[in-house]
Every structure is written in structure tokens, then in C-alpha cells.
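Enquirer: Please model the complete structure; the sequences and the hints are all you need to start from.
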Amino acid sequence: MPPLCGHHDPVTKLQQRILATVIAALLFPATIRGATNQSTVIWFNRPAAKWTEALPIGNGRMGAMVFGGITGERIQFNEDTLWRGKPHDYVRAGAGDQLAPIRRMLADGKIKEASALAKEKFLSDPVRQLPYQPFGDLRFHFPGHENATNYRRELDLDSALATVSYKVDDVTFKRETFASYPDRIIVVRLTADKPGQISFTLKLTSPHTNSQTFAVLPYRRPRCAFSQPLFVPQFLLKKDQDIKDMTQHLLLAGKVPDDGLSFASGVRARLAGGKLCLGDRELIVTNADSVTLLLAAATSFKNFQAISGEPQVRVTSDLKKAAKRSYDDLRARHIADHQKLFRRVSLDLERLARHRTFVRRQRFAQREEKLRRERGLLEVGVPSELTAPRRVQRAASISFKIATTFFSAFGANPLTSMYSGTFEPSALRSEQ
562 MPPLCGHHDP
572 VTKLQQRILA
582 TVIAALLFPA
592 TIRGATNQST
602 VIWFNRPAAK
612 WTEALPIGNG
622 RMGAMVFGGI
632 TGERIQFNED
642 TLWRGKPHDY
652 VRAGAGDQLA
662 PIRRMLADGK
672 IKEASALAKE
682 KFLSDPVRQL
692 PYQPFGDLRF
702 HFPGHENATN
712 YRRELDLDSA
722 LATVSYKVDD
732 VTFKRETFAS
742 YPDRIIVVRL
752 TADKPGQISF
762 TLKLTSPHTN
772 SQTFAVLPYR
782 RPRCAFSQPL
792 FVPQFLLKKD
802 QDIKDMTQHL
812 LLAGKVPDDG
822 LSFASGVRAR
832 LAGGKLCLGD
842 RELIVTNADS
852 VTLLLAAATS
862 FKNFQAISGE
872 PQVRVTSDLK
882 KAAKRSYDDL
892 RARHIADHQK
902 LFRRVSLDLE
912 RLARHRTFVR
922 RQRFAQREEK
932 LRRERGLLEV
942 GVPSELTAPR
952 RVQRAASISF
962 KIATTFFSAF
972 GANPLTSMYS
982 GTFEPSALRS
992 EQ
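In the numbering used here, the protein residues as written are 562 to 993.
Since the hints were derived computationally from the structure, they do not count as laboratory data.
Beta carbons: idealized from backbone N, C-alpha and C, even for Gly.
What you were told as hints is all true, and nothing was included just to trick you.
Derived DSBU-like pairs (lysine-lysine); straight-line CA-CA distance at most 30 Å:
#1 Lys764 / Lys816
#2 Lys885 / Lys735
#3 Lys680 / Lys647
#4 Lys735 / Lys882
#5 Lys735 / Lys611
#6 Lys755 / Lys735
#7 Lys836 / Lys764
#8 Lys881 / Lys735
#9 Lys901 / Lys881
#10 Lys728 / Lys836
#11 Lys735 / Lys764
#12 Lys901 / Lys735
#13 Lys863 / Lys882
#14 Lys755 / Lys885
#15 Lys881 / Lys836
#16 Lys728 / Lys764
#17 Lys764 / Lys885
#18 Lys816 / Lys863
#19 Lys611 / Lys728
#20 Lys863 / Lys881
#21 Lys901 / Lys863
#22 Lys816 / Lys647
#23 Lys816 / Lys611
#24 Lys764 / Lys863
#25 Lys901 / Lys882
#26 Lys755 / Lys728
#27 Lys885 / Lys836
#28 Lys611 / Lys764
Simulated DEER-style distance windows between Cβ atoms:
#29 Gly705 / Pro743: 35 to 43 Å
#30 Ile672 / Arg905: 44 to 52 Å
#31 Ser685 / Asp890: 42 to 50 Å
#32 Ser600 / Asp686: 46 to 54 Å
#33 Arg905 / Pro692: 31 to 39 Å
#34 Asn711 / Gly834: 20 to 28 Å
#35 Arg665 / Pro743: 53 to 61 Å
#36 His702 / Lys680: 47 to 55 Å
#37 Glu707 / Asp754: 15 to 23 Å
#38 Val920 / Asp669: 57 to 65 Å
#39 Leu667 / Pro818: 35 to 43 Å
#40 Arg905 / Gly834: 35 to 43 Å
Expert: In C-alpha cells:
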């Protein structure tokens, strides 16, 4: 079993077998989803305090963790081809000559010496695969939201929608986030139940030091009075790209260390009412009725031997195509695509109690809702499988889409962390 990062208790092979047996037994009375009225919502009454408490979303290529902050929101996102390293020959020169000495050491009981020699002169260079990399973060700041009430954040597994809502004075604010497979983007929708109430600043950042954010405004749109001179990165000036298409964007471009993969991401903002302007490498929204943000990301990865792709071209293309669709259309296409796979299987044991997930975990420890938790593990397994690549089998777990800032090749599945266990994936591979 590969090592897991994050806050995850070790699970023995015996525990894995027991859990797999339980789930297999419980799958026998499985019914087609929709035939029963059942809850598929994981919800909390406070923002995530750490990475494993954030709500995960993914579309098979991109993944994100939604923390659900009030005055400051963080959406950490990843793309499945952003890894450390570059194409090279892993074979260590002269390795074959070391096989006989290693065997002699083992025969003589010199285990440590044999291990050291193998590591130094026999095994591949490097010995292990280099780690998967985090991509970037959307960082929101909402002024005046300090005294929020009626807070709720939830992940609906049936629709793959992560939602945050709360009330400030007499205004209810709502943020809805999803990762669309058909449109290859992550969408964030911000609304309020009264007009002109949405104001925030947005930054697009990356933990990689060799990266930079650029901001591009709509053609001839006035800039904020205090903003810096407009800088257009060189790749936007290519002859086959129209600068007018790069409107209302935050753009992030960078490169992983040691001359590895290059990467790019972009955010496009669409407002109903209000004002949008450019600050110091950030977008500033003032008094909007609603805002739709489209996030795209790509790397220079072509295959394991070639990393000469142009990620900025893919990003601008994905954003341009998605921008032609309304929010309702993007949302409907996402839900239809997700449910086509998610609703293939369900497990109906008994009605889920209307308790927060933290409360369910406490009750499970007291043996009060085992059946609900076992069904929950199945529900968690399905969307985790859905976040894996559907056609190119690079990784078969949400873990690979969502990496913490610890730069680990294997990330803990945050949904199973909420349920304090591990699980076997549902039978969805044939559809992917």
C-alpha cells in the first residue's frame, strides 16, 4: 500500500480485508439511485480548519479543495500532469556489473552492505518517482463579512457541487463550486439574495517560486486608479492569439524546478452588475449582483518522453470555449455528466440522520450509526473514482488530483479522512 500524506491513521491489511468484505456484503442489496429518497450530502457548520477538512471536487483532470472561509476563502487546485522531474533514462550505468557482488553479500548475510551497494550503484536513478506537485490557489478576500451567521458548507455527492452559504446582516451569500469534465474547467459562482452586495478581491497564486501572475483587462476597460502599469506576458502576443480574447483574466505561468514541466492557469470573471478592475496582480470586484469565475489549468506534458507542449494555448482555448456558455448551461452539463456515472450504483441501508459529518464521526465511535457510515464509505468511493482520469490511466484516485503543499506523490483522500478509514473503489472503471 503506497504511503499517504495528510492526517491519516495507518490501516493494517487485516482491517482492509475486513472493510472490503463488509462493503462487498453490503453491495448485494444495492439499488439504482433515484429509486429511493436518500441524502448524499456531507455538511459542516464551520469552515475547514485544515486541509483534510476541505471539500474536494474533481473532473478527472483537475481537482480542487474548497476550504469554505468567510472573510478569506482558499480554493487549492491541481492538474494531473504536474509532476517534478523531466524525461530521462532511469537506467544506472554499470548496474549489471553490481548484481553478482550484491548476491554474494546477501549469501554471506551482509544485508545492510548489499542494500547500500544496490541503492548506490544498481537501482534506478533516481530510486523513486519524483513527487506530484501542487498547482496553485485562488485566494479571496471578502471585506465586511466578519460577523457572519447561519454558516453552512456542504458537498453534494450526487451533483458534485460544493456550496458555502452564510448570512451577513440581512444578506445571504452563497458560493457554489464544481469541476466540469465536459468543459475542462472549474467554476465558482458567487451570489447574494440582494442586488449589488458582492465585493471581493481575488488573487491567483502558486507555491512554486518560479511562477508569476499576470492580469489582463477587457479591451479599453478603465483600470483601478491605484493599479500598476499593465503588463502583458510575451506568450499572449503570439500571432495566432488575439489579445482581445484574453479579457478579464488573471493568468499564472511558471515552471517546476530543474528545467521540468512548465504550467499555466487562468481565471476569467463574468459579472452581472457592479464593477471589475485590476489591482496589483489581482481582480477587484465591487457591488456586483453575481459573479461567475472560470478556472482552467494545463502543463507542457505531452507524454512521458516529451514536455514541449504549450499550456497557455490550452488554457486560453478552454476558457474561451467555456465563456460562450451560460452558468446554467455549464452547471447542467456538469451534473448530467457526473450523474451518468455516479448513479450507476447506490446502497440504501436506512435514512441518514440530519447531523453534521463531525457528529456522525463521534456517533460512529460510540457504535451508534455503523450502517450509515458504511453506506457513506460507498458514497465517498464513487466520486473519488470519478475524479480519476477517464481515458488516460495516469492515476486512479482523487489523491493524485489534490496534493497538499507538502509536495507528495500520494495525497490522502480527504473524504475518507472525514470518515477515518479506507475503502475499495466502486465498479465504475468500465465507464471511464
